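Number of protein chains: 2
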Amino acid sequence: MTTAMVEKYKAFYRLLNKTSRTLVDRRFRQQGQCARGGSAASGLDHRPDAVVEQRVSYLGCPKRGLWTSARASLPSFVDGGFARDYPMNRCRSFGSVAGEIQRSSKFATLNSDDVAHFKEILGERNVVQDERLEAANSDWMHKYVGSSRLLLLPKSTDEVSRILKYCNSRCLAVVPQGGNTGLVGGSVPVFDEVIINMALMKQVISFDKISGILVCEAGCILEDLISFLDNQGFVMPLDLGAKGSCQIGGNVATNAGGLRLIRYGSLHGNVLGLEVVLANGDVLDMLGTLRKDNTGYDLKHLFIGSEGSLGIITKVSILTPPKLSSVNIAFLACQDYLSCQKLLLEAKRSLGEILSAFEFMDSVAMDVVLNNLDGVRNPLAPTAHNFYVLIETTGTEESYDKEKLEKFLVGSMESGLISDGVLAQDINQASAFWRLREILAQIEPFVYEWTSNHRGSISAEHGVGLMKANKIFYSKSPEAVQLMASIKKLVDPKTILNPYKVLPHSLMSYS
Amino acid sequence: MTTAMVEKYKAFYRLLNKTSRTLVDRRFRQQGQCARGGSAASGLDHRPDAVVEQRVSYLGCPKRGLWTSARASLPSFVDGGFARDYPMNRCRSFGSVAGEIQRSSKFATLNSDDVAHFKEILGERNVVQDERLEAANSDWMHKYVGSSRLLLLPKSTDEVSRILKYCNSRCLAVVPQGGNTGLVGGSVPVFDEVIINMALMKQVISFDKISGILVCEAGCILEDLISFLDNQGFVMPLDLGAKGSCQIGGNVATNAGGLRLIRYGSLHGNVLGLEVVLANGDVLDMLGTLRKDNTGYDLKHLFIGSEGSLGIITKVSILTPPKLSSVNIAFLACQDYLSCQKLLLEAKRSLGEILSAFEFMDSVAMDVVLNNLDGVRNPLAPTAHNFYVLIETTGTEESYDKEKLEKFLVGSMESGLISDGVLAQDINQASAFWRLREILAQIEPFVYEWTSNHRGSISAEHGVGLMKANKIFYSKSPEAVQLMASIKKLVDPKTILNPYKVLPHSLMSYS
Chain A
1 MTTAMVEKYK
11 AFYRLLNKTS
21 RTLVDRRFRQ
31 QGQCARGGSA
41 ASGLDHRPDA
51 VVEQRVSYLG
61 CPKRGLWTSA
71 RASLPSFVDG
81 GFARDYPMNR
91 CRSFGSVAGE
101 IQRSSKFATL
111 NSDDVAHFKE
121 ILGERNVVQD
131 ERLEAANSDW
141 MHKYVGSSRL
151 LLLPKSTDEV
161 SRILKYCNSR
171 CLAVVPQGGN
181 TGLVGGSVPV
191 FDEVIINMAL
201 MKQVISFDKI
211 SGILVCEAGC
221 ILEDLISFLD
231 NQGFVMPLDL
241 GAKGSCQIGG
251 NVATNAGGLR
261 LIRYGSLHGN
271 VLGLEVVLAN
281 GDVLDMLGTL
291 RKDNTGYDLK
301 HLFIGSEGSL
311 GIITKVSILT
321 PPKLSSVNIA
331 FLACQDYLSC
341 QKLLLEAKRS
351 LGEILSAFEF
361 MDSVAMDVVL
371 NNLDGVRNPL
381 APTAHNFYVL
391 IETTGTEESY
401 DKEKLEKFLV
411 GSMESGLISD
421 GVLAQDINQA
431 SAFWRLREIL
441 AQIEPFVYEW
451 TSNHRGSISA
461 EHGVGLMKAN
471 KIFYSKSPEA
481 VQLMASIKKL
491 VDPKTILNPY
501 KVLPHSLMSY
511 S
Chain B
1 MTTAMVEKYK
11 AFYRLLNKTS
21 RTLVDRRFRQ
31 QGQCARGGSA
41 ASGLDHRPDA
51 VVEQRVSYLG
61 CPKRGLWTSA
71 RASLPSFVDG
81 GFARDYPMNR
91 CRSFGSVAGE
101 IQRSSKFATL
111 NSDDVAHFKE
121 ILGERNVVQD
131 ERLEAANSDW
141 MHKYVGSSRL
151 LLLPKSTDEV
161 SRILKYCNSR
171 CLAVVPQGGN
181 TGLVGGSVPV
191 FDEVIINMAL
201 MKQVISFDKI
211 SGILVCEAGC
221 ILEDLISFLD
231 NQGFVMPLDL
241 GAKGSCQIGG
251 NVATNAGGLR
261 LIRYGSLHGN
271 VLGLEVVLAN
281 GDVLDMLGTL
291 RKDNTGYDLK
301 HLFIGSEGSL
311 GIITKVSILT
321 PPKLSSVNIA
331 FLACQDYLSC
341 QKLLLEAKRS
351 LGEILSAFEF
361 MDSVAMDVVL
371 NNLDGVRNPL
381 APTAHNFYVL
391 IETTGTEESY
401 DKEKLEKFLV
411 GSMESGLISD
421 GVLAQDINQA
431 SAFWRLREIL
441 AQIEPFVYEW
451 TSNHRGSISA
461 EHGVGLMKAN
471 KIFYSKSPEA
481 VQLMASIKKL
491 VDPKTILNPY
501 KVLPHSLMSY
511 S
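Quick note, the sequences are listed as chains A and B, same order.
Each residue of the first sequence is one higher than the one before, starting from 1 at the first, in the UniProt record's numbering.
Each residue of the second sequence is one higher than the one before, starting from 1 at the first, in the UniProt record's numbering.
A few of these clues could be false.
Calculated cross-link-like contacts (lysine-lysine; reagent style DSSO-like; alpha-carbon spacing at most 27 Å) [said to hold, decoys possible]:
hint, chain 1, residue 1, chain 2, residue 2
1, A, Lys489, B, Lys348
2, B, Lys489, A, Lys165
3, A, Lys402, B, Lys348
4, A, Lys407, B, Lys407
5, A, Lys342, B, Lys209
6, B, Lys494, A, Lys348
None of these hints come from the bench; they were simulated from the model.
The model shown is predicted, which means the values in this text are computed figures rather than measured ones.
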């Protein structure tokens, strides 16, 4: 790193630090308004209608990991009935698209006949125009606020199909919505798109203990699936800070990476099949649960990471690995970035098959966490360290794994790769180490805001959404983006699915 | 399994046994005509023009794993110049499409102007009409024989692009070809398609020892990449019996699964990026080497497993894991199929992170191998066992891994899951165990033939190719196949890329 780069980097963090503190302070002051998101979801409920109110109440107020002391506040409730006309394009201050786009006149405007038709399909109860609509109109950061006048809660693939068939024939734009925990406005209406939230499709359809293959509906909450699998002796190949609110369908639609990518790999490898409803209502059954099926093109990958712009994911089949009993966690300090890189290489080589996580943060990020948030402390002595690394191993034999990790740590200390380190002695210490990393994830939104305001460079962690639709050329070639646009037009010719997002507006002819 | 099913199964194998012996005998008699395929490829050559003759000579005569004593014979050489008019549709006795399809009149016929143009692009030497053309016109089983009058050997992406741009403008059909080791006719011309073989694009472009990311050209031989990585302390996340001949581009185009899928997962998880040339000559750069890049649709997956029908893969970026030093192999016997299933579950749970392969064969398959092929023997005492399982562990500490595997085996013996077993004591024994499984893979073609003749059910191991293009509906829904056809027409409107294959002819309007 050149000196100039180091200075730029420091300046970035100084500003981030300031911005974050201000924003976090503001959020702390709002604390307490969001009691409904505080309790942990308990287990997985298989009764179709159970806990619906509880689930839906999470909309706009997700439980994001362990950041229990700084939650997004719910908007004050208003009478949000059909007659109410929300101001359009309100409050979208995030990113560079605010004010740049206009509602496309090709989309129809919702009328009372439409609402009546949806009530025929879904029943009175699941066509929502009360206060839950306002929550669904906004992301949890309140950075994106739409003006949809209708929230639909389908209970089956058939209902999703009938909704989309109707919307397509009427040219009514829709926005598919899962746990609404994203950071780029992907699951929030831009204008008055009809919101289709998947919260009621939360059944586990099957689980095969021999193969570890789980088939479930798209609205299953990630944390519920983790609990379900834990009881079966298996684990989800995905873990996220937002697991208490996010839905598996949304995870797949955004190709969520998560904390253990190094061990389990991407969802493109673990998702074995999908059921997707296309814009015209056609149901695309790609639920094959074979690990080897090479007939034709593997279409499901198009939908993994497509952010609801090509179809609505209704079912997911996913390969889950067996749970291993022994978990060890170390928290380490390195003097420079090169040492961190070398440490990763050494860890892959020496810990090999038991390495399950390698997470990295620098001292400025650590300071931001320590200075702004309660209940966390640096596990290492308060010396000036430049970088911190969390290493997790997962295996089958506690004592052997621990011995192996200790040997690796002693070796790394002797070779100078690490300057300090501590091994978690119990589950509480282990949780405390992870909390540092998970809390850091909560600060990401402020990094996005800063990045968006100051450099506009694109990030790959949360998809494109609305925020970055016009910036895709930073990371993808013009030919590739052109092909994406052609595929979008092929699959959704009226562009009713999540319009204005993912792809650059110049290619999508919304006006 | 019901008694009726058991009987059907036995009958299947009796016939397979008979068929295989006949076919294998025939192949043994031809032995010795294929001296050029016998020697092992040594290392990876980076000089653009080196060993070209050697490589190209493999066409039609692939080195398939360890089956050194029973190779496909090369066809007798003929004068295969431009003037020669091959009989069309000759010799395609495999599968049910023989005689069913006609050459599409929409494709142009090659003329001398075309050949002159290709010589301008590629130079005289790499526009081939000599005896190598006949080898390239046939698969290694001689089940599919085409009548192409031109073999092109591009050396760069730009050359591939210029070839396709020209072919598209002229409506000349092409067949992309790698090592030509497939079993379903995917890389052999059906009629007179121009063959584009990637053998000369065999450069390693970059390898990052920190991340383990390899970027190489599509024509690299798998075994050469394995050797290259071995020298760097890494492994390919893919191993195949045909590694001595098959090319990485072909592996990706057919989504080859290979022997260690359980450890490394599918190519959809390991391939980080591709460069692909589309039918119109456009180069699609999707070579991003980030593990997390969620901007737009992940188009590369469309090309993984598309068998050259959507574009020609020219470069591959792949994530490779570090090589681990300790490998242990056990060869076991089980009394029934249920025990094998339970053993797999137990192995995943007890061996967990070190389990790298679990391969299964039944006693009839074992008999076929033992009775028909020299140099193999059953490692277990000659008692009547019904099923055999090969288990491989890979880890970082020899003694610990061995102890762990032994403990698992003793436990499985005590619980009755396995009835006998032996642990390889050295590298020779380990190789001998693997040889049994690898040789079994060589018998697959005869299984395909039998299956194709007697039941016509579709297999997922080798793609669709020509053999099964009209049978895709057995495994994919009509909506999914329709979308595949739409995407094919979008990307290759003149259907010049590998026509008649992969997708059902009813949807592709070839006539």
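Checked hints:
1. Lys489(A) / Lys348(B): violated (44 Å)
2. Lys489(B) / Lys165(A): Holds: Lys489(B) and Lys165(A) sit about 24 Å apart, inside 27 Å.
3. Lys402(A) / Lys348(B): holds (21 Å)
4. Lys407(A) / Lys407(B): holds (24 Å)
5. Lys342(A) / Lys209(B): Satisfied, since the Cα-Cα distance of roughly 10 Å is no more than 27 Å.
6. Lys494(B) / Lys348(A): violated (48 Å)
Going through the hint list in order, the structure does not satisfy hints 1, 6.
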